Amino acid sequence: MHWKSCRVRSIGWVLGVVVMVFCWTSLAQAVDFLDDESYEKPQADYVVSDPIEPVNRAVFTVNDKFYLWVLEPVATGYSKVLPADIRACIGNFFYNLGEPVRSVNCLLQGRVRDAGLTLGRFVVNSICGVFGLADPAGHEFKMAPVYASFGETLSVWGVGEGFYLVVPLFGSSTVRDFTGTVVDGAAMSSYSPWNDDALTAATAEGAKTVNRTSLHLGEYVEIKSMSFDAYVAIRNGYYQMRSKRFDHSKNEK
Amino acid sequence: MKLHNLISFFLGPVLAAITVVFFTQSAVSATPDPTEQFRPFLNKVTATLADPGLKKMPKHEQSRRIIGVVRERFDFREMSKRVIGQQWRNLSEKEQREFEELFTQLLQYAYVGKIDEYSGQQVQFTQQRIKGERAEVQTLLVDKAKSIPVSYIMLLRGDQWMAYDVVVEGVSLVRNYMEQFSEILRKDGYPGLVKQIEEKIAELEKDIKKT
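Note that the protein sequences, when read in sequence, are chains A and B. For what it's worth, my numbering labels the leading residue of the first sequence as 1, then goes sequentially. For what it's worth, my numbering labels the leading residue of the second sequence as 1001, then goes sequentially.
FYI, nobody ran anything at the bench for these hints, they're computed from the structure. There may be inaccurate statements among the hints.
In silico lysine to aspartate or glutamate, EDC-like type, Cα no more than 16 angstroms apart, as pairs [to be verified]: (1) B:Lys1187 / A:Asp229; (2) A:Lys224 / B:Glu1199; (3) A:Lys224 / B:Glu1179; (4) B:Lys1059 / B:Asp1116.
This one's a predicted model, so the numbers in the text were calculated from it and none came from an experiment.
Please take these sequences and the hints and turn them into a complete structure.
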């Protein structure tokens, strides 16, 4: 009896230590806003390397004009034609098409559970959600979407991110992440419904962009009006947002 | 007097005293719940925003009303301190007060545009984390077409949780301004920063008057 309770207790200890180590490592990866250091110095995962800043700034200006003169007016017109909930469904549809690529990326990163979850989301949403227009997996089955991209896979494999890159008509990225975006795009085009010719593919990509912009109208102008240097504000926002996306400690708990 | 009567006679008050001490101590040492403190506050903010009378007021009055409510749970001094970073210690008491005033004004003008955008979005509380004297309350701002994760980072002041940062979709407002300000501080120093903020406020003020 005594021996048994001893064993139970020691197993409890071992488990406790394992859980503690696990929590510690997962906390160490994340930017913790409750730590004062995260305000004092840039973190290891948040060192902005921007050696081609003059080039980036030039592309930023071009993108800025393109957004304000073309994309936003088109998206505003589009938003007047279609109500917000239908546009949200269209957004779901495009997102759902990316789930298989996300699932493969999860596998490549060793996140087996997330890979299954993402694939499960794809099956549920494609069947019960009418080709992914709705998100019953997220709402009814409590399978929240997870982030995964090839840029992230490369980072897990130890590839450094190169430097900050503002891509024409695309926006903020880094050398590594933009490589990942191109690979993800190529992988997706192998099974997407519009892989027949370049024009159809480009139209689909354009529709996706206009739809996404229509759900975020006014946000860019607002960020610009609130900031002192829009280029730095957007670059900082990009790095912060990405560090949150790459942090999966919440899903693993 | 029998022995057990004697014992209870002496021990009774002692036990009572211990119980009282124990309970008051546990009441003092227990940290208040950040979500419970923040929930009524956010309800008050959304109620103020939803008030039809608010939108009839002039813009300046609107932003003053909102900032008055927000002050209840936002520590603008702590926010200013963090946005300036390590240089804060080098500022005089007067400069610190001046900066706090300016930065509050900047946020007031930057957010006045939000008042018109408010169309009954609901706040859902998802999670909270406490770490010593700091806490994070995570919420979702639920709209028709999307829901935006918004976190409030706060500090325990006495028995009140006071927020000093807002994190929208993973982007911290304080850290974003910090990077912009550090560049300005490096190039033009503190007087340059004050000048730029004043210019920005004037610019935002002009925009408000236009609409």
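Going down the list of hints, with the structure as the test:
1. About 13 angstroms separates the Cα atoms of Lys1187 (chain B) and Asp229 (chain A), which keeps this hinted pair within 16 angstroms; it holds.
2. Distance restraint check for Lys224 (chain A) and Glu1199 (chain B): the Cα-Cα separation of roughly 15 angstroms lies within the 16 angstroms cut-off, and the hinted pair is therefore satisfied.
3. The suggested pairing of Lys224 (chain A) with Glu1179 (chain B) holds, with an alpha-carbon distance near 15 angstroms, which does not exceed 16 angstroms.
4. At roughly 10 angstroms between alpha-carbon atoms, Lys1059 (chain B) and Asp1116 (chain B) fall within 16 angstroms of each other, so this suggested pair holds.
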